[in-house]
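Colleague: Got chain A sorted already, so can you dock chain B onto it with the hints?
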Amino acid sequence: MTQRRLFALSSHWLDRGLSLVCLALGAGVLMIAKGYPTSAGALPMILGWLLMGCGIGLWLFPGKRADMRNVRIGGLLWGMAVFVAVLWLFASLGADVALFVLFVGCAVLSGYPPGLRLVATALLFVILVGAIFGGLLGVPLPGPVFALFSA
Amino acid sequence: MDYSALLAAGAHALSLWPLLSLLAGVSLGLVVGSIPGLNDTITLAVLVPITFALPSDIAFPLLVGVYCSACFGGAFPAILLKIPGTASSVLTAVDGHAMTRQGRAGQALGIATYSSTFAGTLSALVLIFFAPILAQYALRFGPAEYFALCILGLSTVVGMGAGNAMKSALACLLGLLVAMIGMSPESGYPRFTSGNFWLYEGLPLTPILIGLFGLSVVFEMLSSERSDARDKGADEVPVRFADMLLPWSMVRRLLPTWLNASALGNLVGVLPGAGMLVAIYMAYERVRRKFGERCGQGLPEGVAAPEAANNSVVASSMVPLLSLGIPGNSTSALFLGALLIQGLRPGPSLFTDTPDIAYLIVLCFLIANLAMFPLGLLLARIIPNMIRSVPRALLAAAIACLCFTGAFAIGNSVFGIMVALAFGIIGFMFNRLQVPLSPFILALVLAPVIERAFFQSMSLSGGSVAYFVTQPLSAAMLLFTLIFMVWPLGKLIIRRRRQVPG
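In order, the protein sequence lines correspond to chains A and B.
Quick note, the first sequence lines up with residues 1 to 151 if you use the numbering used here.
Quick note, the second sequence lines up with residues 1 to 502 if you use the numbering used here.
The following block holds chain A by itself, in its conformation from the complex:
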């Protein structure tokens, strides 16, 4: 498995990058908070200035421990793709289908061999979740299978 940095920066420069994000965020907060009435805008204004100060401080005193090495970019991106798909499934088809896809997707992406054993484990786990939430705790989860527990 190829191991590489998520960003090709040393920890020193990663912190400096973070300081730039901090400065941009502070400036953004100041710009937005300018439009607020005094009572609502006072604290965000202070916060904006403090964020900018913190950004300058972090640029001047960067740490040495930020670490983006050994990040499997493929795993991270596929993971995010699975999460977004599951989010859509949750809203459209129901929690049962979504959780099954989530379980199988996460297990495969983490290195578990795909096969019948995984499918069976995922099915059992999803049914258990449905039984605990819908049956035992009385928290209804959407989905055709989970509806049986709630009923």
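Hints in this document: simulated from the structure, not taken from any laboratory.
One or more hints might be untrue.
Rough simulated footprint, nothing fancy, chain B against chain A, three-plus residues with beta-carbon under 8 Å [as the list claims (entries may be wrong)]:
| # | segment |
| --- | --- |
| 1 | 24–36 |
| 2 | 115–127 |
Restraint ranges, calculated between C-beta atoms of paired labels, are given here [unchecked claim]:
| # | chain 1 | residue 1 | chain 2 | residue 2 | range |
| --- | --- | --- | --- | --- | --- |
| 3 | A | L77 | B | P256 | 48 to 58 Å |
| 4 | B | V465 | A | V21 | 23 to 33 Å |
| 5 | A | L77 | B | L473 | 44 to 54 Å |
| 6 | B | A8 | A | A120 | 43 to 53 Å |
| 7 | B | K491 | A | M31 | 31 to 41 Å |
Yeah, the Cβ is synthetic: ideal placement off N, Cα and C, and Gly gets one too.
Modeller: The following block gives chain B in isolation, referenced to the frame of chain A:
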């Protein structure tokens, strides 16, 4: 203190369902604590949404059980495999594993069990007697005192936190910024909402915590190396039950270390934001100074000190939450979420409005620590072997499913999952960039209190900021705030001067 309420809560805590729930929590805590990569905060983040459908007298014993035993559970793999199950058992691994290599694994596990039980029980007693008294005193706090106390809490977490103080400050500011999303508590004016209806009431706390602690771990597992050295390389270490029972001479020898570490742990635990690691390093440092080079070579005190220190922080960190409504660390912030979900109001009025639940919680800490002793001795031999058989890939999948379900169940909407996902990514980036999570959580929770207390103080004083320093208690707390803020700068200057040649 209301002794009749305490006795009634004691009787209730020892009844069937609360006790079973507590024992289940302790056992679960021991298991998750001993799984590297999992800890009490992750487990509580997953459990809090589940407990909202449970009655309070079953939900809180379960959560308390997990919280008490998880950091002790981390000692099992630390001693047997030299892999700390939780961050709190990092130093236990040093002398603990050295003892294992010398064939004294049973004794090391016994020391960890005795130390954790002793310190945890002592800390629970501090909570039982100190929290109601402090709560009674805190009823007299005005907005200026609350404002100063919250600022003190934030400065402690920045000044005393391990690592880069600038990053702690950044985390703190980001937490405040996230808390500002939604309507202003003072004027009701929407801030940073971009006209989005979902954001008007602010971001929900529990999905944020689920994302930061639960989903960030899933992201970490998905993006890290697939092979698991822990499962492959670790040999099974034989542990005899009889070895874990310490002779009286050993108990007498370790007693001063336990008392020292417990005192330190309780002191650090009561301070909002100071953190468990500070207590552990301080306790271990005292042992290192006393025993010199023998420390790290399998010294029993080297196991006793960190284990006693981390367990004494657990219950005492609940003192500021239960008596003042201010969480002492990330885990007690999760407890705050659980209290709010159950419709309770954490703070001084908790002991007067709902004494049954308040005393039940504090007594559960005592019972959980006592239950940890037999359960710890019983499970110490089973858990490490059990953990070796759990594939990490399935663990990641199970955590992801529970996080998604929990985030959905809180508000019965997909918005909770979206929030959890967003904060899962933020948590992952925080971990990678070494930005601490505790200041972020603390600021997130304290921001509304700070803003409300500030504006109330302003209206009381007719707009004079001097009001904060004319109130004696508030002035004292602001002075300590200043000291904590200057402390990292002082440390930096001293370190730089030492580095100058000559």
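Colleague: Now, for every hint given, state plainly whether the structure supports it.
Modeller: Hints, verified against the model:
1. 24–36: It holds, with 5 qualifying residues against the three required.
2. 115–127: Since 4 is at least three, the answer is holds.
3. A:L77 / B:P256: 48 to 58 Å: holds (54 Å)
4. B:V465 / A:V21: 23 to 33 Å: Since the Cβ atoms of V465 of chain B and V21 of chain A sit about 31 Å apart, the hinted range of 23 to 33 Å holds.
5. A:L77 / B:L473: 44 to 54 Å: With a Cβ separation near 52 Å, L77 of chain A and L473 of chain B satisfy 44 to 54 Å, so the hint holds.
6. B:A8 / A:A120: 43 to 53 Å: holds (48 Å)
7. B:K491 / A:M31: 31 to 41 Å: Taking Cβ atoms as reference, K491 of chain B and M31 of chain A lie about 35 Å apart, which means the hint holds.
In summary, the structure agrees with every hint in the numbered list given earlier.
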